[in-house]
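Line order of the protein sequences matches chains A and B.
549 is the number of the first residue of the first sequence in this note's numbering; add one for each residue after it.
549 is the number of the first residue of the second sequence in this note's numbering; add one for each residue after it.
To be clear, the hints were calculated from the coordinates, so they are not data collected in a lab.
Among the hints, a few may not be true.
Where chains are identical, the list cannot tell them apart; a pair therefore holds if satisfied intra-copy or between any two copies.
Taking lysine to any residue pairs in the SDA-like style, the calculated list, with each CA pair at most 25 Å apart, reads [as the list claims (entries may be wrong)]:
(1) Lys575 to Ile565
(2) Lys780 to Glu660
(3) Lys812 to Gly733
(4) Lys954 to Ile747
(5) Lys888 to Ser765
(6) Lys718 to Pro676
(7) Lys652 to Ser842
(8) Lys888 to Arg855
(9) Lys575 to Lys760
There are 2 protein chains.
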Amino acid sequence: MKSSILSVGTELLFGQIVNTNTVFLSKELNLLGIDVMSHHTVGDNPKRLAESIPQLFLDCDLILTTGGLGPTQDDLTKETVCETMHDTLVLHQPTKDNIEAYFKELGRTITENNYKQAYFPSRAVIFPNPVGTAPGFALEDNGKTIICMPGPPREMKAMYEEEIKPFLIKDSEDVIHYKMLRFFGIGEALLETELLDLIDGQSDPTLATYAKEGECSVRVTSKRKTQAEAEKAVEEMIEKAKQRVGQYLFSTEDEEFHEAIGRKLIQRGISISSAESCTGGMFAEALTSVSGISAVFDRSLVTYSNRAKVEELGVKQETLDRFGAVSEETAIEMAQGLKKVSGSRLCISVTGIAGPEGGSHEKPVGLVYICAILDEKIHCKGTNMRNLGRHWNRNYAKLLMFQAVKQLLESEA
Amino acid sequence: MKSSILSVGTELLFGQIVNTNTVFLSKELNLLGIDVMSHHTVGDNPKRLAESIPQLFLDCDLILTTGGLGPTQDDLTKETVCETMHDTLVLHQPTKDNIEAYFKELGRTITENNYKQAYFPSRAVIFPNPVGTAPGFALEDNGKTIICMPGPPREMKAMYEEEIKPFLIKDSEDVIHYKMLRFFGIGEALLETELLDLIDGQSDPTLATYAKEGECSVRVTSKRKTQAEAEKAVEEMIEKAKQRVGQYLFSTEDEEFHEAIGRKLIQRGISISSAESCTGGMFAEALTSVSGISAVFDRSLVTYSNRAKVEELGVKQETLDRFGAVSEETAIEMAQGLKKVSGSRLCISVTGIAGPEGGSHEKPVGLVYICAILDEKIHCKGTNMRNLGRHWNRNYAKLLMFQAVKQLLESEA
Chain A
549 MKSSILSVGT ELLFGQIVNT NTVFLSKELN LLGIDVMSHH TVGDNPKRLA ESIPQLFLDC
609 DLILTTGGLG PTQDDLTKET VCETMHDTLV LHQPTKDNIE AYFKELGRTI TENNYKQAYF
669 PSRAVIFPNP VGTAPGFALE DNGKTIICMP GPPREMKAMY EEEIKPFLIK DSEDVIHYKM
729 LRFFGIGEAL LETELLDLID GQSDPTLATY AKEGECSVRV TSKRKTQAEA EKAVEEMIEK
789 AKQRVGQYLF STEDEEFHEA IGRKLIQRGI SISSAESCTG GMFAEALTSV SGISAVFDRS
849 LVTYSNRAKV EELGVKQETL DRFGAVSEET AIEMAQGLKK VSGSRLCISV TGIAGPEGGS
909 HEKPVGLVYI CAILDEKIHC KGTNMRNLGR HWNRNYAKLL MFQAVKQLLE SEA
Chain B
549 MKSSILSVGT ELLFGQIVNT NTVFLSKELN LLGIDVMSHH TVGDNPKRLA ESIPQLFLDC
609 DLILTTGGLG PTQDDLTKET VCETMHDTLV LHQPTKDNIE AYFKELGRTI TENNYKQAYF
669 PSRAVIFPNP VGTAPGFALE DNGKTIICMP GPPREMKAMY EEEIKPFLIK DSEDVIHYKM
729 LRFFGIGEAL LETELLDLID GQSDPTLATY AKEGECSVRV TSKRKTQAEA EKAVEEMIEK
789 AKQRVGQYLF STEDEEFHEA IGRKLIQRGI SISSAESCTG GMFAEALTSV SGISAVFDRS
849 LVTYSNRAKV EELGVKQETL DRFGAVSEET AIEMAQGLKK VSGSRLCISV TGIAGPEGGS
909 HEKPVGLVYI CAILDEKIHC KGTNMRNLGR HWNRNYAKLL MFQAVKQLLE SEA
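Chain A with its partners taken away, still in its complex shape:
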């Protein structure tokens, strides 16, 4: 099947937001074996939208749209698609009920424009919005199908996973199975080099590498007649990859580093606390995003000022004066002090220079010290991160913390 992706939203034409929806949908459609022929973006302009649709259908059988399904008057995707596909809008009572229940719960007044969201083309298959108010829909006309989704990426992705993907899969012949292998501590170029003969020598499973903010991933994909065959092919390939780069692998489940670590901590019932300086709470924020983490996570003391390090963690003023807040000595005292106050089995500390200010020749921006203690075992390490800006530096320091936890857990397993 051939498809096109049509994004609707004037904000895109102003360059105010990056169109990540198109990237997500392109990846997903390709994984289902649906070719993506082109991407298009138009503003909140019904005339241009109406003209685009027949034009795109010259070249494909399926159009996926995102955006323009909201309650406001410039949200006109539904109305325009309905007309172009020769249908009429009718009231969809379940959606109307949902909207009313939603506003009642919030104690807000329903404005007239909110009801607009309850009308749908009469022949449409309606997709509930798992995380928002605007439902999506699929509408067929003359052998061609349009699927309309909301624009906010969170809503679009949730709807795709829960509704659209199952809707698309029912027409597919082969089974596609894939796994995402997630790595930290190895660059994409080196990862590709290590796996090169597997990447080049194979038509199925295929391997594709991706990089994102300090991490990288390999997608292993197999397209076979049955699910079992595809799964077996993928698993065999993963074993081959593990033999070469297994030490950097943190997950085969396409989960974030903090999710993989959080899950392990919960499984093994290891209590954990953190003492953060430069990351400012990022480590705790990431770990507590894992549902069920309260079983093992006790506290994080974000001691940003030196005074807080002394008062909360018992870091010695002398240590700060002599070695500085960003030093191995301070990192160790932070972790040891945390151990004393929290009693958690695993205690981890971080102190570093996130920038853009605060660096020096001796201690440049990007320098970070991490100390992790598991029971009696203590592991402290300094790293000179590549300085790629405050946001990147903080995020990378957080990833280094999860790497330190991973290594301690592996050494103890």
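Guided by the hints, dock chain B onto chain A, whose structure is given.
Positioned in the frame of chain A, the structure of chain B alone reads:
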């Protein structure tokens, strides 16, 4: 002038890379007063590219393309554009000389396909590539213009700044100026209702509303003969909007809530600490992402367990037993305890149920209490957030904390 942006590259249709070129060019063209009517992406496919061009010209006078200018056999943008614009390729001697000099310097042998880059349409204006080998060009035919640029963002941006922008400015008439107004605590539909006559009654400035994860924005845009006129028109409109919905406005500078608040705290030199439970460090993480915040931010005590609340903040065990960890009483004791240990002028606490587990009929998922103290002033509030999942709930609780800080700062100003 009306324009369209046409990206060429099969890798985009696979979702392998995010199309940041389009974002960059859209912003830049809008700033020059050139309307961007649409974005399009096609693969490395000359037929589809050739079909797109006349189609896009129905709607605009200017097309900017990126990608497909390299030396390899699938780089066919130049050849296709040349044919579509009724011109023929001729050798461009200065480019040929450059290529030969470049390869000589590198000590590499020139392969035949490298010479492909030295041929250009006979009527083209050629733009040197400041940071790569593939030059760009502009070609006019019948009152319509195509500008072709390389695909790698670094090359495209450098060429745009040094060559394309000066080329475009000579044709530009109007100046566009805009501001983004950022709101929290009002839904997009209600915001539009409050501003409806301003949105409908105006052709300049124009107002457009946007929503994202619990916040919304209004873009106020004016297109005038001079920068001063456009700025004045935008400022006058902002004043009108402020009179109606000013209480929800947190920034006119298109910055995040935490950036706006962080900046105010730094400006006014107000020290701040936080005590977080359900947000798990998100408040501190957001605030410490602001460069320079160390001047005022002291610490965040992420007291996830009850024991941590008692030990770090002096919350009474009796309070936890009687009212529960998620209660107004606990929130108040957390903030008061934090005040005692940190001495910060502004102390804020949060406790809530992020879900998906842990809710009950009396205390459902989404219930959150926030207590903020500024000097002697204390403000505590419970909110029943709409339960849209753990991530959303935690993020919304964080935004409510910034709202509480904003309100305290305003009451004191």
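Hints, one by one, checked against the model:
no.: 1; hint: Lys575 to Ile565; verdict: both (19 Å within a copy, 10 Å between copies)
no.: 2; hint: Lys780 to Glu660; verdict: neither (54 Å within a copy, 34 Å between copies)
no.: 3; hint: Lys812 to Gly733; verdict: within (19 Å within a copy, 38 Å between copies)
no.: 4; hint: Lys954 to Ile747; verdict: neither (27 Å within a copy, 53 Å between copies)
no.: 5; hint: Lys888 to Ser765; verdict: neither (38 Å within a copy, 46 Å between copies)
no.: 6; hint: Lys718 to Pro676; verdict: within (18 Å within a copy, 50 Å between copies)
no.: 7; hint: Lys652 to Ser842; verdict: neither (32 Å within a copy, 43 Å between copies)
no.: 8; hint: Lys888 to Arg855; verdict: both (18 Å within a copy, 14 Å between copies)
no.: 9; hint: Lys575 to Lys760; verdict: both (15 Å within a copy, 23 Å between copies)
Violated hints for the displayed structure, listed by number in ascending order: 2, 4, 5 and 7.
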